[in-house]
Amino acid sequence: MRFRLTPRETSFYDMFAASADNLVVGSKLLTELLGADPDARPEVAEKMRAAEHAGDESTHAIFSKLNQSFITPFDREDIYNLASSLDDVMDAMEEAVDLTVLYQVEELPPGMDRQVEVLVRAAELTSEAMPGLRSMDNLSEYWIEVNRLENEADRIHRKLLAHLFSGKYEAIEVLKLKEIVDALEEAADAFEHVANTVESIVVKES
Amino acid sequence: MRFRLTPRETSFYDMFAASADNLVVGSKLLTELLGADPDARPEVAEKMRAAEHAGDESTHAIFSKLNQSFITPFDREDIYNLASSLDDVMDAMEEAVDLTVLYQVEELPPGMDRQVEVLVRAAELTSEAMPGLRSMDNLSEYWIEVNRLENEADRIHRKLLAHLFSGKYEAIEVLKLKEIVDALEEAADAFEHVANTVESIVVKES
Amino acid sequence: MRFRLTPRETSFYDMFAASADNLVVGSKLLTELLGADPDARPEVAEKMRAAEHAGDESTHAIFSKLNQSFITPFDREDIYNLASSLDDVMDAMEEAVDLTVLYQVEELPPGMDRQVEVLVRAAELTSEAMPGLRSMDNLSEYWIEVNRLENEADRIHRKLLAHLFSGKYEAIEVLKLKEIVDALEEAADAFEHVANTVESIVVKES
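First to last, the sequence lines map onto chains A, B and C.
Sequential numbering of the first sequence, starting at 1, is according to the numbering used here.
Sequential numbering of the second sequence, starting at 1001, is according to the numbering used here.
Sequential numbering of the third sequence, starting at 2001, is according to the numbering used here.
This is chain A alone, in the form it adopts within the complex (with noise of 0.2 Å):
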């Protein structure tokens, strides 16, 4: 017999939700950047990397209360696997805001709007589905829907390059989008990670 629903356990459920709301917050800072001028742009990432300090804060606490558990609500493993791809997200995130700072990009290509609708959308199906982690009901939608979303940031992604190679641009103006937009990508490949991640803990517990 295993025991779920101690109050030990539930707090790895809040642990993950809080990891997985503050992508939603990252995510929204994206929006954030697009919408923004040049100038306002430090600011964002400032915005950003405080995200991304509470992200890291988030996976240390897990880790950390790893560390403590003998008993746990899934395999040690994927506890870890879990909270290491929420972090990757966040990253991931990070890194395309602070590059846009860095290289002092003027203008973000048009279609990174696209990505960032991907991400967003991502990171709210993420938020949502963590809760269902508990009852491990229903969360087969979610990581169908994530896939998909990773295979559309993909031809996204794809596209923009296209753009980013036709002609248009300076080579080294090339460079710089590019690692943004990378970036993003990678953010979406960590998204799908999570997902694939939630499906192996569902498909050993069922």
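Everything labelled a hint here was simulated from the structure, so no lab data went into it.
Mixed in with the good hints there might be a few duds.
Quick partial rundown of chain C residues pointing at chain A, CB under 7 Å, derived from the structure [as the list claims (entries may be wrong)]:
no. : residue
1   : P2131
2   : R2158
3   : F2165
4   : S2200
5   : V2203
6   : K2204
Note that this is a predicted model, so its numbers are computed, not measured.
All residues carry an ideal CB built from backbone N, CA and C; glycine is no exception.
Start from chain A and add chains B and C according to the hints.
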């Protein structure tokens, strides 16, 4: 006591074999791409997209069977990893073809044919190895050879980059071609992940 | 009951220590590269290739011992992951040196010395930590410090890219140098994977 060869379990082997056979199809489409005029490439890309769809379906069939099986021929996680890495190979091969069309590349770089040769060989070896998962016999030659091929692919890839950076190409052209040869290098890496997963399965079961 | 310190098991620890010591050798060759004239670099690359070969042999010795052992000091998978991540560090360091020669780079970018300093420090810490796997004691300082170093490496890497993109370099030169500093960033990431694997081993065993 473990029951290894019940009909129910057998079909995981068939599914992995089907996934690997599909990689042979994909690698031959890469050869077709090399021989095709730019005008004929979209048709090759169309066939590659179909092969990638078939691959996605194989992968999801494996995940879905895993979801429903109480007894599996080896660790659930290894089944998951093996299916995922086979899928990664196909994704990378499809990306190379898609980018060639999307970026409207005129001439593919010399040396790319050697990358493709290595991938064709790795696909054949992988396809021949999959049935061996049943008995777990004679697989070490397979994974040693795929690791060797990955080293070779790596050397070819680096020489290709040195050629692209030699000053004969415009910077934007370098960027386009680099994305394509990098995707092929990723496919070689993913073949190595498949081989490493097979090795890890055999190590655990032996 | 588990027997932890039988002679048979001990040698896994020795093997990991040997792999990590080899990374100290590799990281010092990076320092040698920085001080070498372009004419003297092929010789450094030759030594690095030898170190990488030694590393490959260590890795395969670990895999082969794993293949033959019934009892292992910790999870088979963790042994596999730890050996693989140590190998990844060496591969990335070797790549950086090889590309410098292959691309016939004249001048390495300022700031690359700071990347190398971080790698030298991470190698030393990793080498000092490996014997601690026996008792599983006092390893948290190691992994916290390597994670901090990886963050520092990340900041140095981003500043280096900003410098490369500042307009002082030709686009093709930027591409070459970027491949090299990216390889060093990969080495820093791989050191973090080693530390994370050690953390995950300690978490499971504690």
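Each hint, compared with the structure:
A distance limit of 7 Å between C-beta atoms decides the matter here; for P2131/C the minimum to chain A is near 22 Å, and the interface restraint is violated. Interface hint at R2158/C: satisfied, since its Cβ lies 6 Å from the closest Cβ of chain A, which is below the 7 Å cut-off. Interface hint at F2165/C: satisfied, since its Cβ lies 5 Å from the closest Cβ of chain A, which is below the 7 Å cut-off. Hint status for S2200/C relative to chain A: holds, with the closest Cβ pair at about 6 Å, below 7 Å.
Interface restraint check: V2203/C against chain A, minimum CB-CB distance 5 Å, threshold 7 Å, status holds. With a least beta-carbon distance of about 6 Å to chain A, the hint placing K2204/C at the interface is held under the 7 Å criterion.
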